[in-house]
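2 protein chains.
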Amino acid sequence: MRIKIVVVGKVKESAFQNRITEYVKWVNKEIPVELIPLKDGKSKDVELKQLSHLSPNIFSICLSEEGNQVSSREFSKLIYKQTRDIVFLIGGPNGHSESIRKKTDYLLSFSKMTFPHEMALMILTEQLFRAISIKKGSKYHRD
Amino acid sequence: MRIKIVVVGKVKESAFQNRITEYVKWVNKEIPVELIPLKDGKSKDVELKQLSHLSPNIFSICLSEEGNQVSSREFSKLIYKQTRDIVFLIGGPNGHSESIRKKTDYLLSFSKMTFPHEMALMILTEQLFRAISIKKGSKYHRD
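Listed in order, the protein sequences are those of chains A and B.
FYI, this note's numbering numbers position 142 of the first sequence as 142, with every residue one higher than the one before it.
FYI, this note's numbering numbers position 104 of the second sequence as 104, with every residue one higher than the one before it.
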């Protein structure tokens, strides 16, 4: 399994970038993970670029406040039960188009609250690391 | 109104500290906010220290995965409708005791997922800044 994270907009804050780099490094030891930044712009252009990362061979997860909420343990199960590669889509400040939300396999929500997209990316990479820790039974995760 | 944030355990990661310092600085321009770190230790000792920050004059909010989830707009309303000072309690790696959860006025959850306590503190300070931005109608928050 490979994981791609397609994220609209740059990570501008070095503090967020620092944590993201660290979590991605840890995740990469177990699951190859690639960050793909998309330039923010006209919603139609962004949508086309996002769609180019979807395919029937890939399980697609769209981060959306209206999505399903799962616990960290359930998230770990969701990841590990996939037999296909996984792509995560993180929107920019304007969120995702309706079309993207409909065309992805799963809508995932971290919170009812609105977070900056850089923070959402940081949370995702931390949860991926946590998902691996849960699977391996390491001490990182405590219920 | 004044806000206190009582948090168990140190913020070890400088990246988290960097963002927390920045958000606290921004919040402080509108609402005086104070971070009070408590040393992690025996749960009974931690609990006594936490209890010393509760009083009938203070609206207490305990961060707990089993708490209520609110949107950023609802969180903003929750903060601004208080006439008393507010204290937030953030637990350490072992969470809060049952007694603390019962003695606080409100249980708040950011997510069904488990976050590191440093990240929970960072999210809280960002949401306080967002709550102010929503109240003031600034461009920081977009629905």
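Honestly, I wouldn't trust all of these hints.
Note that the list lumps identical chains together, so a pair holds whenever it fits in one copy or between two copies.
Lysine to aspartate or glutamate pairs mimicking EDC-like chemistry, simulated, CA-CA at most 20 angstroms apart [as the list claims (entries may be wrong)]:
#1 K112 / E65
#2 K139 / E13
#3 K139 / D40
#4 K25 / E13
#5 K135 / D85
#6 K42 / D143
#7 K103 / E74
#8 K135 / D105
#9 K10 / E66
#10 K42 / E13
#11 K12 / E22
Quick caveat, the hints were computed from the structure, so don't treat them as lab data.
- Status of E74 relative to K103 across identical chains (alpha carbons, at most 20 angstroms): For K103 and E74, the Cα distance exceeds 20 angstroms both inside one copy (23 angstroms) and across copies (30 angstroms).
- Message: When Cα atoms must be at most 20 angstroms apart, do K135 and D105 count as within-copy, between-copy, both, or neither?
- Response: neither (23 angstroms within a copy, 36 angstroms between copies)
- Is it within a copy, between copies, both, or neither that the alpha carbon of K135 lies no farther than 20 angstroms from that of D85? Within one copy, since 18 angstroms is at most 20 angstroms while 42 angstroms is not.
- Query: Between copies, within a copy, both or neither: which fits K10 and E66 at Cα up to 20 angstroms?
  - Reply: Classified as neither; 23 angstroms inside a copy, 33 angstroms across copies.
- Item | Up to 20 angstroms CA-CA - D40 versus K139, copy category | between (38 angstroms within a copy, 17 angstroms between copies)
- Message: Reference check for the pair K42 and D143, CA-CA at most 20 angstroms: within, between, both, or neither?
- Response: between (42 angstroms within a copy, 18 angstroms between copies)
- Message: Checking an output row: K25 and E13, CA cutoff 20 angstroms. Within, between, both or neither?
- Response: both (18 angstroms within a copy, 16 angstroms between copies)
- Task: Tell me, please, which holds for K12 and E22 at an alpha-carbon limit of 20 angstroms: within, between, both or neither?
- Result: both (16 angstroms within a copy, 14 angstroms between copies)
- K112 and E65: within-copy, between-copy, both or neither at 20 angstroms Cα: Both: 6 angstroms inside a chain and 13 angstroms across chains, each within 20 angstroms.
- Message: For K42 and E13, with the copy left unspecified, which applies at a CA distance of at most 20 angstroms: within, between, both, or neither?
- Response: Close neither inside one copy (23 angstroms) nor across copies (36 angstroms); limit 20 angstroms.
- Query: Which holds for K139 with E13 at a C-alpha limit of 20 angstroms: within a copy, between copies, both or neither?
  - Reply: Close across copies (18 angstroms), not inside one copy (29 angstroms); limit 20 angstroms.
Going through the hint list in order, the structure does not satisfy hints 7, 8, 9 and 10.
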